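Below, each chain spelled out in residue letters.
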Amino acid sequence: MTVEAQREALFEYLLRLGDNALILGHRLSEWCGKGPVLEEDIALSNIALDLVGQSTLWLEFAATVEGGARDADALAFKRDVLDWRNFLLVEQPNGDFAHTIVRQFLFDCFHVELLQALSKSANQEIAGIASKALKEALYHRRHSGQWVIRLGDGTEESHARAQAALDALWGYTRELFEGDAIDEMMMQAGIAPDPGDFEENWKQAVGAVLAEATLTVPDANWSIGGGKKGIHSEHLGFLLAEMQFLPRAYPDAQW
Amino acid sequence: MQPHAAASAEESRLWAALEEVSDPEIPVLSVVDLGVIREIEVDGAAAKVTITPTYSGCPAMSYIEMMVRDAVLKAGFEHVEVKTVLSPAWTTDWLSEAGREKLKGIGIAPPAEVSTSKQSLLGIDPVVACPRCGSENTEILSQFGSTACKALYRCTDCAEPFDYFKCI
Ligand SMILES: [Zn+2]
Chain A
1 MTVEAQREAL
11 FEYLLRLGDN
21 ALILGHRLSE
31 WCGKGPVLEE
41 DIALSNIALD
51 LVGQSTLWLE
61 FAATVEGGAR
71 DADALAFKRD
81 VLDWRNFLLV
91 EQPNGDFAHT
101 IVRQFLFDCF
111 HVELLQALSK
121 SANQEIAGIA
131 SKALKEALYH
141 RRHSGQWVIR
151 LGDGTEESHA
161 RAQAALDALW
171 GYTRELFEGD
181 AIDEMMMQAG
191 IAPDPGDFEE
201 NWKQAVGAVL
211 AEATLTVPDA
221 NWSIGGGKKG
231 IHSEHLGFLL
241 AEMQFLPRAY
251 PDAQW
Chain B
1 MQPHAAASAE
11 ESRLWAALEE
21 VSDPEIPVLS
31 VVDLGVIREI
41 EVDGAAAKVT
51 ITPTYSGCPA
61 MSYIEMMVRD
71 AVLKAGFEHV
81 EVKTVLSPAW
91 TTDWLSEAGR
101 EKLKGIGIAP
111 PAEVSTSKQS
121 LLGIDPVVAC
131 PRCGSENTEI
141 LSQFGSTACK
151 ALYRCTDCAE
161 PFDYFKCI
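Protein chains in written order, with my numbering: chain A, 1 to 255; chain B, 1 to 168.
No lab work stands behind these hints, which were simulated from the structure alone.
The structure presented is a predicted model; accordingly, all values stated were derived computationally and were not measured.
Just to be clear, a hint being listed does not mean it is correct.
[What the hints assert, rightly or not] Distance windows between CB atoms, simulated: (1) R69(B) - T2(A): 36 to 44 Å; (2) G44(B) - K34(A): 35 to 43 Å; (3) S45(A) - S62(B): 17 to 25 Å; (4) S62(B) - T64(A): 12 to 20 Å; (5) T64(A) - D157(B): 47 to 55 Å; (6) A208(A) - R154(B): 24 to 32 Å; (7) R154(B) - G35(A): 13 to 21 Å; (8) T2(A) - P161(B): 57 to 65 Å.
The C-beta atom is built at its ideal place from N, Cα and C for all residues, glycine as well.
Make a model of the complete structure from these sequences and hints.
Here's what the structure looks like:
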């Protein structure tokens, strides 16, 4: 394998990490000022801030690996839909509070496993960012997990909404554990884990909380993926239109 | 953070300058109290300061970097380099003793225990004492507070809500 191919694969891999954090962070920021209670408005905005901060670290490193033609801002604000590498799960609309919490919980459990593995990466820069992000992800998982239990084991209404969210989102989780050629290259270089390796841990962590929440693990007969390759749901375009508006309308604006 | 040992008069001068830089979100704390200054190096009139962010998305970091640069130049150094490192990741264990006391003084409960403990890994709430009356009968209102580094608690004895500098 050529050095050039390695570099391109690493760049792609870093985009995936950065894009997941940025898109989910942006989604959560949509709750700012609209949370169901003040504490949750603050909580979701804080989690958004952590994720956007993590995406900055990943995308800055991606920009360096790419060779400096674009900086992290250009990667965030000047790429169109097909160039995004995030999972379909994180771009799904917020829906109601239960929907947002369930989406967050499914991702947080995955995020903790992934970051734990990446904190042992052969690439020191990746290991450093992952160790930092891991502490935050553990805190996020605690928050979303507690809410899943509270909603699932709450009123009839909250239970029904949490279960509906779980049923609607479950088919998007398959993609989290599907490796491809990029993952394979990262694995061989000791940079990143095989995502299939922590599917069991994820199932156990998710299952334990769902059991306590009296929610049923969906028996989903569908799954959909493609985000890692740039094949997205219609929702991402709308999200980018809002997120990228200012830098596109006023290129290189300063304030 | 370990109490810093200054190897020379120049280093003492640099540490003293850094002690004057406040955390913009909790101004009673200096960046030294906060444990974000990881290393300093002095070479004649050139100073190099290594800092680490508290949270990935901490909006104060670029401001802190600017203030550090400014303070070092004002202390008489002609060249200053501020370098950011992520590893090892910042932990609340690096908050200085003086910093913990200062937090209590303004009604913020300092981190209750070392963050690497099993309890914080398992997500069990630590015992947090009320910074006003000292009571340990407190309850968590929200895991998240007014800034990235705080959670919101309430004392069930004196009934006052208060900020808790959360452990990570
Ligand atoms: Zn009290």
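Whether the CB-CB distance between T2(A) and P161(B) falls inside 57 to 65 Å: Taking Cβ atoms as reference, T2(A) and P161(B) lie about 60 Å apart, which means the hint holds.
Given the hint of 13 to 21 Å, is the C-beta distance from R154(B) to G35(A) inside that range or not? 19 Å, holds
Hint check for R154(B) and A208(A) - Cβ pair distance inside 24 to 32 Å: Since A208(A) and R154(B) have Cβ atoms about 29 Å apart, the given range 24 to 32 Å holds.
Does the Cβ distance between S45(A) and S62(B) fall inside 17 to 25 Å? Holds: the Cβ-Cβ distance is about 19 Å, inside 17 to 25 Å.
Cβ-Cβ distance between G44(B) and K34(A): within 35 to 43 Å? Violated - the Cβ-Cβ distance for G44(B) and K34(A), about 55 Å, lies outside 35 to 43 Å.
Given a hint of 47 to 55 Å, does the C-beta separation of T64(A) and D157(B) actually sit inside it? 53 Å, holds
Given the range 36 to 44 Å, decide if the beta-carbon distance of R69(B) to T2(A) lies inside it. 41 Å, holds
Quick check: does the Cβ-Cβ distance between S62(B) and T64(A) fall within 12 to 20 Å? About 18 Å separates the Cβ atoms of S62(B) and T64(A), which means 12 to 20 Å holds.
Consistency note: the structure conflicts with earlier hint 2 alone.
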